[in-house]
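Produce the complete structure using the sequences and hints provided.
Chains as they are written, first to last, in the UniProt record's numbering: chain A, 1 to 212; chain B, 1 to 212.
Any given hint could turn out to be false.
In this list, chains with the same sequence are indistinguishable; a pair is considered to hold if it fits within one copy or across any two.
[What the hints assert, rightly or not] Derived lysine to aspartate or glutamate pairs resembling EDC-like cross-links, with alpha carbons at most 20 Å apart:
#, residue 1, residue 2
1, 116, 128
2, 22, 57
3, 22, 74
4, 35, 209
5, 116, 181
6, 35, 45
7, 35, 117
8, 35, 211
9, 35, 142
10, 116, 127
11, 116, 27
Please keep in mind that the hints were generated in silico from the structure rather than gathered at the bench.
Protein chains: 2
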Amino acid sequence: MILYDYFRSSAAYRVRIALSLKGLAPERRFVHLRKGEQRAAQFLDVNPQGLVPALVDGSQVFTQSLAIIEYLDETHPQPPLLPASPGDRAWVRSVAQAIACDIHPIDNLRVLIHLKDAFGADQAARDEWYRHWIREGFNAIERQLVARATGPCCFGATPTLADVFLIPQVANAARMDMTLDPWPRIRAINDHCTALPAFAAAHPTRQPDAEP
Amino acid sequence: MILYDYFRSSAAYRVRIALSLKGLAPERRFVHLRKGEQRAAQFLDVNPQGLVPALVDGSQVFTQSLAIIEYLDETHPQPPLLPASPGDRAWVRSVAQAIACDIHPIDNLRVLIHLKDAFGADQAARDEWYRHWIREGFNAIERQLVARATGPCCFGATPTLADVFLIPQVANAARMDMTLDPWPRIRAINDHCTALPAFAAAHPTRQPDAEP
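Have a look at this one:
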């Protein structure tokens, strides 16, 4: 397998966590998003969306972090990243998707660049935009997590898709100097998961392409 | 089952298509997004995110259209909305998620309202923002679909999760007076699917809460 990766992409960070939990270590190729390498023809042939991560397995190329991680979970079932019952699976998926759909894409680099181009948004305005969607999202997710707080992870004792998505989003919040004070359940889950070796190994600062 | 719905929500439209394909007809409750009913305490108790759709099945409440539809597919497997092999499933999911993550949330009503509040974006600027992300998304999805054009639907002969997500996004593009000329494969799939009874019955204009 080959993972197209960028240390600071939180979508790639999710896939790194999932790979790490599954004990998989694919070849890594780095796509420098701030240098625009995702728009190079060579990479667009891999992923026409021009986004990382992309995962190559044999002759197949997979895109979208959620689809990639569900693929990994189906092809490498241990440890499972989804619970057994359909209702619980839907709950876990909904937490992951509240991040994957309703926080992260709105704060994505290409959106921030477009805010600057279309509305002349300066750095301070873009930062506030970024924090706004994290606040909105975390307020809702905190309620959802508190309602089913049954263990140290989002769902029970071991990490699921929900934690795999939550922890990189918390890292983004930290990068924006946000405190987790309003969301104690998210903070507790983050403290627990980031101490686990699989999560620690996937952290942006631990990657070969990391920059200060 | 109870579906919290709004005729013009394309996320709810996806769930209506999936229910319709599965032959399921839950009780419907309408949440008028333009009147702000999604921010009423009564609805926030159902979905703290304040977004439709939400699906209630017995004592469980499900949110996030993608999670809801995977739940329906797991609990009512016929007809299947995902192919059998993990690689094909990942491909279908990645098309759905290119819409669910990278087009739709950026154009969501709450984001458009925030553009107005934060940057004073007028209607014309908000419409252009809306079209920009559809263009970006459809350009990539068209390439992805053409690369595996094996039938009248996104993946083969019968609708999958990919069509369930694509058709409501095309309806949004039409509402914004966008032509499908640049994306012939998307247009052909849309023509095929919208003629199917399950898709037709789920169209916004066919809902009890529809407005002109």
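> Which hint numbers does the structure go against, in order from smallest to largest?
Replying inline: Structure breaks hints 5, 9, 11.
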